[in-house]
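Given only the sequences and the hints, what does the whole structure look like? Please build it.
Protein chains: 2
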Amino acid sequence: MKLTILGSSSALPTSGRYPSAHVLNAHERLFLIDCGEGTQMQLRKTRIRFAKINHIFISHLHGDHVFGLYGLLSTFSLMGRTNPIHLYAPENYDKILKSHLSDFDINLSFKIDFIPLSGKDPVEILDDKYLTVTSFPLQHRVPSYGFLFSEKIFERNIIKECIDKYKIPTVRIPAIKKGEDFITPDGTLIKNEDLTLPPPEPLSYAYCSDTKYFKRLASFVKEVSLLYHEATFDKSNQDLAKITGHSTTLDAAKTAVDAKVDTLIIGHFSARYKNISPLVDEARTLFPETYPAIDGKTYEVGNITDP
Amino acid sequence: MKLTILGSSSALPTSGRYPSAHVLNAHERLFLIDCGEGTQMQLRKTRIRFAKINHIFISHLHGDHVFGLYGLLSTFSLMGRTNPIHLYAPENYDKILKSHLSDFDINLSFKIDFIPLSGKDPVEILDDKYLTVTSFPLQHRVPSYGFLFSEKIFERNIIKECIDKYKIPTVRIPAIKKGEDFITPDGTLIKNEDLTLPPPEPLSYAYCSDTKYFKRLASFVKEVSLLYHEATFDKSNQDLAKITGHSTTLDAAKTAVDAKVDTLIIGHFSARYKNISPLVDEARTLFPETYPAIDGKTYEVGNITDP
Numbered sequence: 301m302k303l304t305i306l307g308s309s310s311a312l313p314t315s316g317r318y319p320s321a322h323v324l325n326a327h328e329r330l331f332l333i334d335c336g337e338g339t340q341m342q343l344r345k346t347r348i349r350f351a352k353i354n355h356i357f358i359s360h361l362h363g364d365h366v367f368g369l370y371g372l373l374s375t376f377s378l379m380g381r382t383n384p385i386h387l388y389a390p391e392n393y394d395k396i397l398k399s400h401l402s403d404f405d406i407n408l409s410f411k412i413d414f415i416p417l418s419g420k421d422p423v424e425i426l427d428d429k430y431l432t433v434t435s436f437p438l439q440h441r442v443p444s445y446g447f448l449f450s451e452k453i454f455e456r457n458i459i460k461e462c463i464d465k466y467k468i469p470t471v472r473i474p475a476i477k478k479g480e481d482f483i484t485p486d487g488t489l490i491k492n493e494d495l496t497l498p499p500p501e502p503l504s505y506a507y508c509s510d511t512k513y514f515k516r517l518a519s520f521v522k523e524v525s526l527l528y529h530e531a532t533f534d535k536s537n538q539d540l541a542k543i544t545g546h547s548t549t550l551d552a553a554k555t556a557v558d559a560k561v562d563t564l565i566i567g568h569f570s571a572r573y574k575n576i577s578p579l580v581d582e583a584r585t586l587f588p589e590t591y592p593a594i595d596g597k598t599y600e601v602g603n604i605t606d607p
Numbered sequence: 301m302k303l304t305i306l307g308s309s310s311a312l313p314t315s316g317r318y319p320s321a322h323v324l325n326a327h328e329r330l331f332l333i334d335c336g337e338g339t340q341m342q343l344r345k346t347r348i349r350f351a352k353i354n355h356i357f358i359s360h361l362h363g364d365h366v367f368g369l370y371g372l373l374s375t376f377s378l379m380g381r382t383n384p385i386h387l388y389a390p391e392n393y394d395k396i397l398k399s400h401l402s403d404f405d406i407n408l409s410f411k412i413d414f415i416p417l418s419g420k421d422p423v424e425i426l427d428d429k430y431l432t433v434t435s436f437p438l439q440h441r442v443p444s445y446g447f448l449f450s451e452k453i454f455e456r457n458i459i460k461e462c463i464d465k466y467k468i469p470t471v472r473i474p475a476i477k478k479g480e481d482f483i484t485p486d487g488t489l490i491k492n493e494d495l496t497l498p499p500p501e502p503l504s505y506a507y508c509s510d511t512k513y514f515k516r517l518a519s520f521v522k523e524v525s526l527l528y529h530e531a532t533f534d535k536s537n538q539d540l541a542k543i544t545g546h547s548t549t550l551d552a553a554k555t556a557v558d559a560k561v562d563t564l565i566i567g568h569f570s571a572r573y574k575n576i577s578p579l580v581d582e583a584r585t586l587f588p589e590t591y592p593a594i595d596g597k598t599y600e601v602g603n604i605t606d607p
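Just so you know, the protein sequences line up as chains F and W, in that order. Under my numbering, the first residue of the first sequence is numbered 301, with each subsequent residue one higher. Under my numbering, the first residue of the second sequence is numbered 301, with each subsequent residue one higher.
Note that these hints are calculated values from the structure, not bench results. Values in this document were obtained by computation on a predicted structure and should not be read as measured data. Don't take each hint at face value.
[What the hints assert, rightly or not] Label pairs and their computed distance ranges (CB to CB):
{"#": "1", "chain 1": "F", "residue 1": "Asn-575", "chain 2": "W", "residue 2": "Arg-472", "range": "50 to 60 Å"}
{"#": "2", "chain 1": "F", "residue 1": "Ser-399", "chain 2": "W", "residue 2": "Leu-378", "range": "23 to 33 Å"}
{"#": "3", "chain 1": "F", "residue 1": "Ser-399", "chain 2": "W", "residue 2": "Phe-414", "range": "18 to 28 Å"}
{"#": "4", "chain 1": "W", "residue 1": "Ser-402", "chain 2": "F", "residue 2": "Glu-600", "range": "33 to 43 Å"}
{"#": "5", "chain 1": "F", "residue 1": "Asn-575", "chain 2": "W", "residue 2": "Phe-414", "range": "32 to 42 Å"}
{"#": "6", "chain 1": "F", "residue 1": "Ser-315", "chain 2": "W", "residue 2": "Arg-472", "range": "49 to 59 Å"}
{"#": "7", "chain 1": "W", "residue 1": "Lys-515", "chain 2": "F", "residue 2": "Lys-345", "range": "38 to 48 Å"}
{"#": "8", "chain 1": "F", "residue 1": "Pro-498", "chain 2": "W", "residue 2": "Leu-540", "range": "50 to 60 Å"}
{"#": "9", "chain 1": "F", "residue 1": "Asn-575", "chain 2": "W", "residue 2": "Pro-422", "range": "45 to 55 Å"}
{"#": "10", "chain 1": "F", "residue 1": "Ser-315", "chain 2": "W", "residue 2": "Lys-411", "range": "22 to 32 Å"}
We treat Cβ as the ideally placed atom computed from N, Cα and C, and that holds for glycine.
Quick look at the structure:
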């Protein structure tokens with residue numbers, strides 16, 4: 301799993317920080333999470349292949365998380381895309397999108413499969429071969445949702461030498477990968493742990509978009525390998541965070557601590573911060589494994605270090 | 301007059317070319333012409349002051365000329381702007397804009413003064429102390445308009461030494477600047493050309509957004525100092541230009557020749573062209589004073605040279 305940050309600014313972009321957009325690469329499936337203005341240009345700069353994006357997740361209907369979508373969909377269409385886009389967004393956005401595309405004379409060359417987000421509890425919204433995606437409610441000025449991407453438990457890896465050694469027929473391999481033992485033609489029982497190696501630990505990534513702090517959030521992102529959490533403000537601006545429905549560095553770190561996550565990336569920084577190191581330092585006082593979101597940077601989930 | 305190109309791509313942006321947006325600086329008034337996705341980020345990069353933009357001109361309702369407007373207006377609002385924005389755009393766009401802003405929970409902190417564009421003839425849409433702006437119809441797949449910015453004829457410059465020499469009272473100076481002679485207290489007539497220097501030649505800039513070639517266009521941009529004209533395609537793609545309602549390099553150059561303009565900038569390049577030098581060379585076969593639009597570059601109207 302690799303995460304590329306396309307934008308780490310809050311509503312006011314700066315010369316070095318674009319509005320929110322992340323790309324999660326999980327087994328060469330690309331998931332676009334939020335789509336702020338300039339997403340398609342950032343995709344070009346990071347050389348991410350447009351055609352590999354089939355799922356787009358929109359956390360909430362504020363412009364700095366959505367205004368890149370119209371251009372991106374137009375571009376998909378101009379590139380002749382025919383594969384559908386699965387679009388996960390707050391309910392009613394399908395109507396808004398449809399009316400806006402028609403206002404601009406845009407006839408897409410592909411279908412949009414719209415999956416509405418709603419409700420007060422986590423909901424599984426995607427289940428494929430390698431992973432599941434769950435949406436969960438955040439608390440912001442408008443309905444806002446986070447997303448949890450969880451790898452499935454992988455099968456055990458068969459040790460190649462054992463196939464020859466014990467003359468294992470191909471037909472038996474799937475069961476052995478799932479944990480079965482093997483009995484050789486001469487009746488010897490070979491235990492599964494002698495035939496296979498354990499699979500890698502499944503990884504997980506949770507995206508917490510615009511939200512104020514609330515206690516239950518930690519339960520939605522429990523023990524994830526990587527938590528992205530907005531930290532629009534430093535701790536001295538806690539009142540402003542409350543009024544605007546945002547989090548401070550310490551709010552983000554508190555959730556990371558409570559959820560016992562492995563690593564935290566903070567982002568969605570207010571334009572007032574020219575230098576974001578002090579924000580990272582502040583979060584690290586509570587949660588040392590904190591790293592900053594940096595535009596254009598790719599992070600390996602499970603293996604993040606300082607630059 | 302200085303022109304800054306913020307975006308020179310056509311509908312598909314590339315890593316080096318953003319969608320259409322120009323800023324014309326005329327006597328420290330900034331005019332934003334088209335507002336493709338990413339305009340606000342390009343304004344940051346070119347260090348153009350947001351607060352100095354009071355007039356925005358939208359040539360037509362295709363996304364690559366408009367999709368930066370929502371983010372830019374939100375940003376103006378977040379920055380606490382109170383001065384109105386004068387928005388010149390095809391008729392009905394005010395309704396589209398209003399509904400889109402409300403869909404996204406955006407309450408602007410300033411008023412938008414909407415000036416609709418329509419009709420088949422040039423119309424003067426702005427007249428201020430230093431210049432006039434005229435819109436004129438183009439020919440594209442949807443209603444599309446160009447804009448002509450013409451400096452007014454300046455007053456003559458009085459020669460400072462003459463004021464003392466002939467004891468000219470302050471009250472007479474405005475008339476002399478307008479061309480009047482002066483009679484000294486002892487009755488001597490001093491001719492105006494001995495008291496003043498001629499003003500600089502008024503400059504003009506015309507923006508020809510998406511359009512196919514048509515003969516009458518040259519009459520709308522006659523003898524301008526600088527003509528910007530789209531040249532989406534090279535001459536070998538003339539059929540494609542016709543189908544899509546765009547121009548080739550030679551179409552742009554032909555209009556420049558017919559209109560007897562001083563200088564031509566071509567832009568709105570199709571993403572198929574990695575290198576745009578051959579496009580400039582092609583246009584120069586008809587009109588040697590052709591230059592390419594380059595993102596982030598500022599051109600001095602009346603004094604453009606190769607880099």
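Verification of the hints:
1. In this structure, Asn-575(F) and Arg-472(W) meet the distance hint of 50 to 60 Å, their C-beta atoms being roughly 58 Å apart.
2. Checking the proposed 23 to 33 Å range against Ser-399(F) and Leu-378(W) shows it holds: the Cβ atoms sit about 25 Å from each other.
3. Separation of Ser-399(F) from Phe-414(W) is about 19 Å and conforms to the stated range, judged on CB atoms against 18 to 28 Å.
4. In this structure, Ser-402(W) and Glu-600(F) meet the distance hint of 33 to 43 Å, their C-beta atoms being roughly 42 Å apart.
5. At roughly 41 Å, the beta-carbon separation of Asn-575(F) and Phe-414(W) lies within the given 32 to 42 Å, and the hint holds.
6. Range check, Ser-315(F) to Arg-472(W): about 51 Å between beta-carbon atoms, so the 49 to 59 Å window is met.
7. A beta carbon spacing of about 41 Å between Lys-515(W) and Lys-345(F) agrees with the range 38 to 48 Å that was offered as a hint.
8. For the pair Pro-498(F) and Leu-540(W), the supplied restraint of 50 to 60 Å holds, since their beta-carbon distance comes to about 57 Å.
9. The hint said 45 to 55 Å for the Cβ distance between Asn-575(F) and Pro-422(W), and at roughly 51 Å that hint holds.
10. For Ser-315(F) and Lys-411(W), the Cβ-Cβ distance of about 29 Å falls inside the hinted range of 22 to 32 Å, so the restraint holds.
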